[in-house]
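Use these hints to put chains B and C onto chain A, whose structure you have.
Note that the protein sequences, when read in sequence, are chains A, B and C.
Each residue of the first sequence is one higher than the one before, counting from 73 in the working numbering.
Each residue of the second sequence is one higher than the one before, counting from 49 in the working numbering.
Each residue of the third sequence is one higher than the one before, counting from 73 in the working numbering.
Mixed in with the good hints there might be a few duds.
SDA-like cross-link-like pairs, simulated, lysine to any residue; straight-line CA separation at most 20 Å [unchecked claim]:
hint, chain 1, residue 1, chain 2, residue 2
1, A, Lys190, C, Ser132
2, A, Lys190, C, Leu388
3, B, Lys59, A, Glu264
4, B, Lys93, A, Lys361
5, A, Lys76, B, Glu66
6, A, Lys76, B, Leu326
7, B, Lys93, A, Glu300
8, A, Lys76, B, Asp324
9, B, Lys329, A, Lys334
10, B, Lys93, A, Glu264
11, B, Lys163, A, Glu264
12, A, Lys190, C, Gln384
13, A, Lys334, A, His377
14, B, Lys93, A, Gln262
Calculated from the structure, these hints are not laboratory results.
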Amino acid sequence: MARKISYQQAINEALAQEMRRDSTVFIIGEDVAGGAGAPGEQDAWGGVLGVTKGLYHQFPGRVLDAPLSEIGYVGAAVGAATQGLRPVCELMFVDFAGCCLDQILNQAAKFRYMFGGKAVTPLVMRTMVGAGLRAAAQHSQMLTSLWTHIPGLKVVCPSSPYDAKGLLIQAIRDNDPVIFCEHKLLYSMQGEVPEELYTVPFGEANYLRDGDDITLVTYGRMVHLAMEAANNLARQGIDCEVLDLRTTSPLDEDSILESVEKTGRLVVIDEANPRCSLATDISALVAQKAFAALKGPIEMVTAPHTPVPFSDALEDLYIPDAAKIEAAVRKVMDASRSAA
Amino acid sequence: MSQIHTLTMPKWGLSMTEGRVDAWLKQEGEQINKGDEVLDVETDKISSSVEAPFSGVLRRQVAQPDETLAVGALLAVLVDGEADEAEIDAVVERFQAEFVASAASEQAQGPAPQKAEVGGRLLRWFELGEGGTPLVLVHGFGGDLNNWLFNHPALAAERRVIALDLPGHGESAKTLEHGDLDELSGAVLALLDHLDITRAHLAGHSMGGAVCLNLARLAPQRVASLSLIASVGLGREINGDYLRGFVEAANRNGLKPAMSQLFADQGMVTRQMLEDMLKFKRLEGVDAALRLLAAAIADGDQQRHDLRGVIAQQPTLVLWGSEDAIIPASHAQGVEAEAVVLPGVGHMVQMEAAEQINQLLQDFVRKH
Amino acid sequence: MSTQLSSEQLLHAYEVMRTIRAFEERLHVEFATGEIPGFVHLYAGEEASAAGVMAHLRDSDCIASNHRGHGHCIAKGVDVYGMMAEIYGKKTGVCGGKGGSMHIADLSKGMLGANGIVGAGAPLVAGSALAAKLKGRDDVSVVFFGDGASNEGAVFEAMNMASVMNLACIFVAENNGYAEATASKWSVACDHIADRAAGFGMPGVTIDGYDFFAVHEAAGAAVERARSGQGPSLIEVKLTRYYGHFEGDAQTYRAPDEVKNLRETRDCLLQFRNKTTRAGLLSAAQLDAIDGRVDGLIEDAVRRAKADPKPQPADLLSDVYVSYP
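Chain A with its partners taken away, still in its complex shape (with noise of 0.2 Å):
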């Protein structure tokens, strides 16, 4: 059996281990050590959750702290990326994009393009993403769709310590910038996960629980509470299948569409706000593509259009859970079984 480790160790031992194979590899980020010119340790923190933890001492020089210029570090490291480094560069938490949007959205992902395919970029980006710590509006957003929006981006959101592995593998060795999508309530999460390296290719959603009646697509840490509503529904005689898209750019939209062909029922569950998002997106690729194998309405279960609330009271009402997942299968269930 392999062993298991968390998500958080997961990915920093993507990191040891890319960083070991390939000396171009390096870490930039707001306190990824921690400590820089400071009387007391170094490596002091190992990023604000720990993540980067311990690289430091095992790469000299290869991990640095960047002062609270979220542009200045994150466009250092898409300079970087054009000089034939890749460069790992930790936006702590995703909501930060406001202040770098700049160097990603009109930098990193044009610059092939409007380069003429001449420039390569292999940046990735290493972010924080997610509701659930009480974090209130500025430190819990699931944008997700912001980036899968930018065509030049790929977008990364693992949603176990497998593919976190995987996936960051394979977003240090690609060579178009990456937006790495880290769901924080996951850091914990234990999961077995091989020694070696290994990547998760990009484009290919990944089939948690095979079903016929009705098709949950979703990703991050939603494909959880996705598998335990399909749990709950089984227990019902509803037999869902589960799809985790990993990455949402590029999409695997032949999965997505193969499976509601054979299911004839889509569900989509998305952390993110409901307005110009994943869910709305998917809902409508299957409309335009798979129409005639719908049996029944398309359902989204997302955040509502609001900020992240800060009470847990509000909170919890404002993430998507099992019993919301369950209800809206059951109403598709219901809704095509009437117009049966």
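Chains B and C only, in chain A's frame:
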């Protein structure tokens, strides 16, 4: 003297912690003979039938269809002889009171595979049982020691049984030097040396059969007997499309058609089996290893090695599935060995007809 | 004119400036015909800045430019015909017609791109300088930006970081007096952009951007400092643009005859010609020969660019990613 037997949730492979009861194949009141399939159980990795390890009348179906139960949990009560309902109630009650799911207690994990530097490379192997001349199980191309999950515990009832991951496979080192049969046979020999085993029964499946044959050619004194299951090296033909498809497949949709050719029963090819195989194929070094070995085994639809000459050296058992789509069962004909072709079974004979294979292997090894 | 340059170096500097001038003057004429699509921001008048800085750089040194980038590109060695074809939106352009005037780049020449986002180049060259440092090379990176960009946070962040990380990075603020239609006298809160260097712990100088030799000398000192591992510098080059913010800008915000007076009294090419010929370093005939050659080069570039094919429909979808399943 009557006996009350408890039939429990089996542990198939290293990672199984629980199983879901799919359907009962025998009804209460039916007479069951040892080896009969009693019920179907599904895990996240595999679905198969639970066979009765003893004979008797099925008196109580304790587990219900769709129920998910921990490994070791009570499935049924069989009675060989007479027993009244109260006695059966008492057995069930006592079992349930004492049963602690092993998954809940970390200590109760049972034996685990070992890993060590053997002959200059990392090898993983798994030992069960003790005594007798040891039996070594050698998996085929793209496989690992879990290919023997239905066989290993049963075979270990009578002797020490070792299943290994060949170089390039499972959790053994992935880098191959030459990527030929000599390298693989050398690794098995190195493991025998490492374990201080001077002489062993060898059982090999598919490419593993050729590895065993080749080992017997290189070191005949180390081989007590050979059991060759759907083995490479006993004829010309091999399904080159399968080898190519398996090597090239990079995703579930690519792999499924290849893996489906391995089984006569398509139900055996589960989502998890495909996912596990993809996980293996993604590991650094595996692709290169598989390409080397595929080229070492075959050139298109033709096998490269004819090892039939080795058979007469030692007692040899040749087993095949009649529906083998990888290497034709006709290769079992005309060999100087005991040969059995099992009807309705594909290339993964030891998984698809586990009980029969276990019986045949056990009887054969016991004789030699 | 304290800098000692060989006649070869002087001729090269003149040729660079003359090429930029001819390129931009010609674009001014051609743009008016309506044949050139999009926005074009001309560098005419500022040539001494690009030529003076680039005289110290090699191909492995990196620069990032801004929307007014033609001069930086030419001085860094980007192919003039390829640039012209790009500006005409032709498939033969240096970016295959996908970038245009504002995005001319040639990474093989260390040209990290003109840039349509004001101030965006500064963090990028901090990155190329960081890359050089991590690779153990003594390559230098330079960003050219305007007085408008000097008010951008991106520039401040990059300057601070370059200092903190001791990067071989040079910040060249080309202060032409106007950010679009807003005067730098009003928009820049301090007397000189160079004064801001102190806040980021690096030296800053303000120099006369009409004088090639002044730029050359200041840039030489900054490049030497950066190359030898002593860190970044800020150079404020004061100059003017002869044309509007973009082609079509009526420039009603400028004083009447402002450009005319500067052209007649301060023009960098005139100054260069006068100084070098009076000092006997170059002859008028040598310079005239360059003028003739440059005019031929530009004429040829325009003629070919006009005749070249546009990108094909399939080009719309290519080059978004290196790979995308």
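_20 Å Cα cutoff - pair B/Lys329, A/Lys334_ = 27 Å, violated
*Would the pair A/Lys76 and B/Leu326 pass a check requiring their Cα atoms to be no farther apart than 20 Å?*
Measuring from Cα to Cα gives roughly 18 Å; hence the hint holds.
_So if I understand the rule, the pair passes when the alpha-carbon distance is 20 Å or less; does A/Lys76 with B/Asp324 pass?_
Distance of about 15 Å is within 20 Å: holds.
*Under the criterion that the straight-line Cα-Cα distance not exceed 20 Å, is the pair A/Lys190, C/Leu388 satisfied?*
15 Å, holds
*Would you mind confirming whether the straight-line C-alpha gap from A/Lys190 to C/Gln384 stays at or under 20 Å?*
18 Å, holds
*Between A/Lys190 and C/Ser132, is the straight-line Cα distance small enough, at 20 Å or below?*
16 Å, holds
_Does A/Gln262 sit within 20 Å of B/Lys93, going by the straight-line distance between their CA atoms?_
At roughly 19 Å apart (the allowed maximum being 20 Å), A/Gln262 and B/Lys93 satisfy the hint.
*Between A/Lys76 and B/Glu66, is the straight-line Cα distance small enough, at 20 Å or below?*
18 Å, holds
*CA of B/Lys93 to CA of A/Glu264, is that 20 Å or under?*
Answer holds: B/Lys93 to A/Glu264 is near 14 Å, not above 20 Å.
*asked:* Need the status of pair B/Lys163, A/Glu264: alpha-carbon distance at most 20 Å?
replied: 17 Å, holds
_Hint check: B/Lys93 vs A/Glu300, CA-CA at most 20 Å. Holds or violated?_
18 Å, holds
*A/Lys334 and A/His377: Cα distance at most 20 Å?*
32 Å, violated
Violated hints, listed in ascending order, are 4, 9, 13; each of the other numbered hints is respected by the structure.
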